[in-house]
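2 protein chains.
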Amino acid sequence: MQPQGFLSVAKNVGIKDETLDLTVIHSTVRARAAAMFTRSRFPGAPVIVGRRHIANGFAQALVINSKNANVGMGKQGIDNAIETCRIVGEELGVDPYDVLPFSTGVIGRALPMDKIRAGLRGIRSQLKLDNLKLAAEAIMTTDKYPKYFSCRVGPAVIAGIAKGAGMIEPNMATLLVYLMTDAELPRAAVRPMLRRLVDRTFNCTSIDTDTSTSDTVVLMANGLAGKVKLGQFEKGLLEVCEYLTKEIARSGEGATKLITVDVKGAKTGTQAKRVAKCVVNSPLVKTAVYGCDPNWGRVIMAVGKSFDPSVEPTKVTVRFGDTNVFKKGSPVECDLEALRQYLGQSEVVIGVDLGIGKASARVWGCDLTEGYIKENAYYTT
Amino acid sequence: MQPQGFLSVAKNVGIKDETLDLTVIHSTVRARAAAMFTRSRFPGAPVIVGRRHIANGFAQALVINSKNANVGMGKQGIDNAIETCRIVGEELGVDPYDVLPFSTGVIGRALPMDKIRAGLRGIRSQLKLDNLKLAAEAIMTTDKYPKYFSCRVGPAVIAGIAKGAGMIEPNMATLLVYLMTDAELPRAAVRPMLRRLVDRTFNCTSIDTDTSTSDTVVLMANGLAGKVKLGQFEKGLLEVCEYLTKEIARSGEGATKLITVDVKGAKTGTQAKRVAKCVVNSPLVKTAVYGCDPNWGRVIMAVGKSFDPSVEPTKVTVRFGDTNVFKKGSPVECDLEALRQYLGQSEVVIGVDLGIGKASARVWGCDLTEGYIKENAYYTT
Chain X
78 MQPQGFLSVA
88 KNVGIKDETL
98 DLTVIHSTVR
108 ARAAAMFTRS
118 RFPGAPVIVG
128 RRHIANGFAQ
138 ALVINSKNAN
148 VGMGKQGIDN
158 AIETCRIVGE
168 ELGVDPYDVL
178 PFSTGVIGRA
188 LPMDKIRAGL
198 RGIRSQLKLD
208 NLKLAAEAIM
218 TTDKYPKYFS
228 CRVGPAVIAG
238 IAKGAGMIEP
248 NMATLLVYLM
258 TDAELPRAAV
268 RPMLRRLVDR
278 TFNCTSIDTD
288 TSTSDTVVLM
298 ANGLAGKVKL
308 GQFEKGLLEV
318 CEYLTKEIAR
328 SGEGATKLIT
338 VDVKGAKTGT
348 QAKRVAKCVV
358 NSPLVKTAVY
368 GCDPNWGRVI
378 MAVGKSFDPS
388 VEPTKVTVRF
398 GDTNVFKKGS
408 PVECDLEALR
418 QYLGQSEVVI
428 GVDLGIGKAS
438 ARVWGCDLTE
448 GYIKENAYYT
458 T
Chain A
78 MQPQGFLSVA
88 KNVGIKDETL
98 DLTVIHSTVR
108 ARAAAMFTRS
118 RFPGAPVIVG
128 RRHIANGFAQ
138 ALVINSKNAN
148 VGMGKQGIDN
158 AIETCRIVGE
168 ELGVDPYDVL
178 PFSTGVIGRA
188 LPMDKIRAGL
198 RGIRSQLKLD
208 NLKLAAEAIM
218 TTDKYPKYFS
228 CRVGPAVIAG
238 IAKGAGMIEP
248 NMATLLVYLM
258 TDAELPRAAV
268 RPMLRRLVDR
278 TFNCTSIDTD
288 TSTSDTVVLM
298 ANGLAGKVKL
308 GQFEKGLLEV
318 CEYLTKEIAR
328 SGEGATKLIT
338 VDVKGAKTGT
348 QAKRVAKCVV
358 NSPLVKTAVY
368 GCDPNWGRVI
378 MAVGKSFDPS
388 VEPTKVTVRF
398 GDTNVFKKGS
408 PVECDLEALR
418 QYLGQSEVVI
428 GVDLGIGKAS
438 ARVWGCDLTE
448 GYIKENAYYT
458 T
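First to last, the protein sequences are chains X and A.
For what it's worth, the working numbering labels the leading residue of the first sequence as 78, then goes sequentially.
For what it's worth, the working numbering labels the leading residue of the second sequence as 78, then goes sequentially.
Each hint can be trusted.
Because identical chains share one entry, a pair is satisfied inside a single copy or across any pair of copies.
In silico EDC-like links for lysine to aspartate or glutamate, alpha-carbon gap of 20 Å or less:
no., residue 1, residue 2
1, Lys404, Asp156
2, Lys152, Glu410
3, Lys405, Asp156
4, Lys152, Glu389
5, Lys306, Glu316
6, Lys304, Glu261
In case anyone wonders, no lab produced these hints; they're calculated from the structure.
So here's chain X without its partners, still in its complex pose (with noise of 0.2 Å):
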């Protein structure tokens, strides 16, 4: 089930092996669109120039290479990425500044713009439709496997393709993510939307604390299946954007679980995030759900690095599960066997409750293992 009007191709052109590396969607029809991007200081050239084709409100082509992420290539980054827009708005008929483009991959090498340049080259003969899946995996760095995700809002649908897998503690967006709907929505509404889901969503998962140069949310919405109930509309985007981000979390680099902090009893929703994102973040938690110890004193250590005056050691509770492990201050005692059964799980959920307010959040992350060093210490540049 993929919506009306998106047209894509994916293919190799060699940037590094004969992997999918080439990836062109396009709508029949100019989209209304809106792009959150990385608050990283070293944005990807992409990223610059996204930002400025974007500022309109409209998108109709996307044109993404993964094995190299254009990044710290200085002017010549930026003159590759405006080139390629050039040349898919040529090949498509679409204006240059409705393309917006993306790079994922390794930093700091040039793009090989031959071999980009001929793969682009009668690309608008080998646009497909329904073919979303098989750009959701020519899009793939580090990714286990392809992540993709539709549904359907009363006559439209929307569907969604992400990457993963390392350098992602998102701020403000996230990853390469591409949200496609054929609904028709009012033009106020598109940006602010997409700012809710993605504060609720990719901004919620961490897999290794560290910030893409590259990090890019984009809805395009094209509406061709006409009008739709904007709350309806809502909540269905919000299954995507949050099956997409545990799905990420659950295909870390190195990952063997997906990890769910639940924090409650804050004062603010700020306040639940930061002491949450500080336990699904702290390697020795993540280090200890993968060796399946139920080592609440690293999820207290954890809550304690928020650092937050307002955080009081005797209204905290820890759960594992269903499973108070320390309740207002002080230990329980558990049946420390069933919690290892319970942490041997491929989802496991940890639970805060600070007790001290009405405010709650949630996060994604993943356990942290030898597969993460070895992936990233033999990476080689």
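Go by the hints and put chain A onto chain X.
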């Protein structure tokens, strides 16, 4: 070479196994003292009690157990820390408020007070001079080796012992560090000097971004060697603190390399330190150093995630050792093989010049290896 008037005993009382686990350090005369404690919102019971006892600016004895951190134990934990000080006071004929308690090890278990009480009885007769190296061994947790350093300043001697080696990104103070001197210091000088030096040394290190519940640095000056030149003394104390800081980083859990990050060209010292911490804490930088991969892309990513609006990509320069790899926003052609060899050494320096001011900062950390994962995944509660 040890300062006069500091006696100590280090023994095993069976808290977990047969290694040294209980230490008492005793100054024969009351010493001027200052301490800096963790900013964690989940401080251990010894931190809570120690803060009260140091408030008058004096200390005469330290009692330290390893293998159990006495953290997260509610009122019982506080009572146990107070009782420990009372017993030490009785045994040594010292005001219990001049005794500082410390515990390090697993979080969330009750201190075995029977064993500690029995171990403390009769310690007066067990105290030895020039025994601080054994104390350095007894306070270890997952440290690979004891950390001890001393130096002479005029007529006086400064000695320091410290333990790492995980849950270490100190905040305002760090780890367990005991600095002892027989210099006579003016009352008003002790605390400000300690704060200055801690900010330049222990607060500039990070093993794993986690902040211990038990971090404490104590300086005791018993005055037995008489007055010293203050500037000279501070220089000596800096030498001790810097040595211990580097040893802590070098011996981080699973570490194979000491990483020094030098940031210069910043607008303020705070900015320089923030950027340096972003680099030294990035798991992707740490794994690249482990894998001897001269991947400056990960360094600029880490600079970018400082989210500092005044950082300008086109002004940033990155060095590995003496070799520029990225200059004012663009890559520099380099001999990759030579860089790989440089990164294969046991000490690696990453330099970042922000190019926007004159302030600088230096921080220390270590690489991230499979050893860290193994040590912390299989450390069973």
